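Enquirer: Construct the complete structure from the given sequences, taking the supplied hints into account.
Using my numbering, the first residue of the sequence shown is number 888, and each one after it goes up by one.
These aren't lab readings, by the way, just hints derived from the structure by calculation. Nothing here was measured: the structure is a model prediction, and the numbers come from that model. Glycine included, every Cβ here is placed at the ideal spot set by N, Cα and C. You may find that some hints are simply not true.
[Unchecked claim] Have a look at the derived ranges for each label pair, beta carbon to beta carbon:
no.: 1; residue 1: 1099; residue 2: 888; range: 46 to 56 Å
no.: 2; residue 1: 899; residue 2: 1101; range: 35 to 45 Å
no.: 3; residue 1: 891; residue 2: 1104; range: 33 to 43 Å
no.: 4; residue 1: 1085; residue 2: 967; range: 21 to 31 Å
no.: 5; residue 1: 1093; residue 2: 960; range: 35 to 45 Å
no.: 6; residue 1: 1088; residue 2: 1014; range: 23 to 33 Å
no.: 7; residue 1: 1050; residue 2: 993; range: 36 to 46 Å
no.: 8; residue 1: 913; residue 2: 1102; range: 35 to 45 Å
no.: 9; residue 1: 901; residue 2: 949; range: 32 to 42 Å
no.: 10; residue 1: 1103; residue 2: 979; range: 17 to 27 Å
no.: 11; residue 1: 1035; residue 2: 1101; range: 41 to 51 Å
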Amino acid sequence: MSLLIDCTTESGMDRGLEAARTALARHDCVVLPTDTVYGIGADAFSPQAVAVLLAAKGRGRAMPPPVLIGGTAVMDGLASDIPAAARELAEEFWPGALTLILTAQPSLAWDLGETRGTVALRVPDDQVARELLQEVGPLAVSSANRTGQPAATTAGAAREMLGESVAVYLDDGDRTTWEPSTIIDCTVSPFRVVRRGALGFEELAAVVPDLVETPTAG
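Expert: Structure, rendered in structure tokens:
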């Protein structure tokens, strides 16, 4: 039976992080808070765990999940040929609601789905999420909901949708936004916003002036 653990106290967070570590080591999925909405996470280096994550959401391999990391320094271990402008975006907006699509390191032994040699990275601005990421390493994380349903802003809402497909739910209170992270594709020139989100185009373009937005970004 899945666990829902209140992480709003120090002792609760310690218990929640321990339970999440144990679950992830078993290749199970966990639900964790982020600075945008709640996410469903799995060990990014476990194809079995990523497959469980995609099945829980009702999503196919054609929509691979982003990878959350605990700090900017991890970016170089997962991505190669990182453009200088992408580093500037990371320095300005990480931790925060910005996901960067980059060229994946070719030596990585993982299977996130049909990524076409790319990886989408983000450092969330959330204490519980970052502490977990710093302890267990990169996690494949997608919004905690069934595909086609609204993203969960509470752990309880995530549990209603995902049920026993998730081993541990880390409850850190309500999220205040329905907006996901903004996604920028940094593998093309000029960079392109491929999903609108919590960060607006104008503040991003202040760092990368030639940034463009795809017609389907919404």
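Enquirer: A separate judgement is required for each hint: does it hold in the structure or not?
Expert: Here is what the structure says about each hint:
1. 1099 / 888: 46 to 56 Å: 48 Å, holds
2. 899 / 1101: 35 to 45 Å: Check passed, 41 Å falls within 35 to 45 Å.
3. 891 / 1104: 33 to 43 Å: 34 Å Cβ-Cβ, so the 33 to 43 Å window holds.
4. 1085 / 967: 21 to 31 Å: 27 Å, holds
5. 1093 / 960: 35 to 45 Å: 24 Å, violated
6. 1088 / 1014: 23 to 33 Å: At 28 Å between Cβs, range holds.
7. 1050 / 993: 36 to 46 Å: 37 Å, holds
8. 913 / 1102: 35 to 45 Å: For residue 1102 against residue 913, whose Cβ atoms are near 43 Å apart, the range 35 to 45 Å holds.
9. 901 / 949: 32 to 42 Å: 38 Å, holds
10. 1103 / 979: 17 to 27 Å: Taking Cβ atoms as reference, residue 1103 and residue 979 lie about 25 Å apart, which means the hint holds.
11. 1035 / 1101: 41 to 51 Å: 21 Å, violated
Hints 5, 11, counting from the list given before, are not met by this structure.
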